[in-house]
Amino acid sequence: MRRVSILLFVLSITVVSLYAHHGRGATYDMKKRITLKGTVSRVDWRNPHVVIFMDVKDETGKVVTWGFENAGVSQLAQEGYNRNTLKVGQEITAIVNPAANGATTAIVVKVILADGSEIMSRERGQNPVD
Amino acid sequence: MRTRFSTLIPVLVPVVFLWLGSVASAQGDKEKFKARYEASPSDSNFDRHDLSGIWTQTKLDHSLGTPAPPLTPAGIAAMAGRIVDKPGVTGNAPWYSCNPMGFPRLMNDDEPMEFIMAKDRILQVFQWEHRIRYLWTDGRELPSGENLENLGPAWYGHSVAKWEGNKLVVNTVGLEERAWLDNAGHPKSFHARIEETWERVDSNTLENQLTLYDPEYYSAPYVGSKKIYKRMPPDAIIYFGWSGLFAGISEGICAPMNEVEGYNKGFRDLGAKPKQ
Chain A
1 MRRVSILLFV
11 LSITVVSLYA
21 HHGRGATYDM
31 KKRITLKGTV
41 SRVDWRNPHV
51 VIFMDVKDET
61 GKVVTWGFEN
71 AGVSQLAQEG
81 YNRNTLKVGQ
91 EITAIVNPAA
101 NGATTAIVVK
111 VILADGSEIM
121 SRERGQNPVD
Chain B
1 MRTRFSTLIP
11 VLVPVVFLWL
21 GSVASAQGDK
31 EKFKARYEAS
41 PSDSNFDRHD
51 LSGIWTQTKL
61 DHSLGTPAPP
71 LTPAGIAAMA
81 GRIVDKPGVT
91 GNAPWYSCNP
101 MGFPRLMNDD
111 EPMEFIMAKD
121 RILQVFQWEH
131 RIRYLWTDGR
141 ELPSGENLEN
151 LGPAWYGHSV
161 AKWEGNKLVV
171 NTVGLEERAW
181 LDNAGHPKSF
191 HARIEETWER
201 VDSNTLENQL
211 TLYDPEYYSA
221 PYVGSKKIYK
231 RMPPDAIIYF
241 GWSGLFAGIS
251 EGICAPMNEV
261 EGYNKGFRDL
271 GAKPKQ
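Chains as they are written, first to last, in this note's numbering: chain A, 1 to 130; chain B, 1 to 276.
In short, the hints are calculated from the structure, not lab data. Among the clues, some could well be false.
[As the list claims (entries may be wrong)] Pairs of lysine to aspartate or glutamate, EDC-like flavour, derived with a Cα cap of 16 Å:
1) Lys-227/B - Asp-61/B
2) Lys-86/B - Asp-29/A
3) Lys-34/B - Glu-59/A
4) Lys-59/B - Glu-141/B
5) Lys-167/B - Glu-199/B
6) Lys-162/B - Glu-141/B
7) Lys-265/B - Asp-44/A
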């Protein structure tokens with residue numbers, strides 16, 4: 001039993017480690033990824049999480065504003081990003097995990113620029129969203 | 001044993017699943033941390049009693065690093081109502097709404113901290129919360145008895161430090177009970193004492209260990225694991241030409257205007273509301 005307790009402890013701290021400063025609960029569907037293509041409409045470059053808003057046309061041609069959250073400013077700055085990395089009006093493609101309830105909010109997976117380069121990638125450790 | 005283990009499978013399976021799912025993103029952080037400190041030049045001629053510098057923990061671990069001893073009935077009561085954040089549940093850790101993490105939780109955070117050596121005290125400065133902790137080395141005694149009762153609780157307690165050989169031994173009392181010990185919501189009583197040691201084992205490495213003595217809430221001393229801190233190289237603490245722990249964007253202040261109104265209510269909760 002003691003071994004099982006220790007195993008549970010080790011696993012639990014690893015899981016809990018993902019939630020350092022902020023709770024997210026069931027906000028996002030982490031098993032689902034969607035692709036958003038559109039233009040940056042606003043950049044909230046501040047703690048606790050940088051949020052990028054973008055205008056995306058839906059299947060009917062209507063413009064819908066999406067927002068996706070990223071790491072905090074110091075973590076992104078460590079990776080060489082700043083509040084002018086993405087500019088209003090810039091065309092981007094964002095791969096995100098969307099909100100579980102259908103809201104137009106999401107958490108970043110990565111951002112792809114018009115030239116095909118990938119930035120702010122959570123997969124590559126460039127965007128440690130805790 | 002097989003029967004016992006079988007009964008644990010429903011518990012273990014989701015935990016293992018969550019753990020596996022977390023490894024990819026946690027791994028990125030670990031590698032990133034390594035990049036923060038591996039470029040520091042070493043110096044064999046260093047002063048073991050000088051902890052000056054900006055340091056970062058080498059692992060993501062917001063706990064004491066070991067399983068907690070069994071709680072007393074009072075400890076169980078103190079922990080009641082604490083909801084731990086996990087997939088599907090948003091917890092109620094005090095820092096989610098910008099309350100201080102308190103000691104020692106802030107020390108087990110993943111943002112860097114700085115030691116500043118002064119004549120009669122050592123300052124421990126934390127990037128997250130933009131917080132200062134005073135470790136008094138002027139020979140004073142810890143507050144106790146009526147003095148401690150009159151001083152009352154403090155989020156970071158009252159700390160004295162002294163050198164025992166090459167180890168700095170710090171004792172802290174008078175801690176605020178509402179601050180969680182760790183992300184699991186473990187409690188600590190106002191009458192607890194925490195003893196921590198710091199040792200500079202080479203020019204770029206500090207070792208830290210912490211023990212909680214709290215007979216009100218725990219059936220035995222809670223002995224934490226050894227934690228490793230590495231010195232951050234200069235280029236990891238320079239932002240756009242400005243260096244330092246609080247270089248503007250890295251100040252780490254939890255501002256309710258940002259955290260509660262801006263992020264929690266203004267963004268995160270939009271996706272968390274039940275489907276209409």
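Return the numbers of the hints above that this structure violates; sort them in rising order. When the structure is compared with the hints, numbers 3, 4 turn out to be violated.
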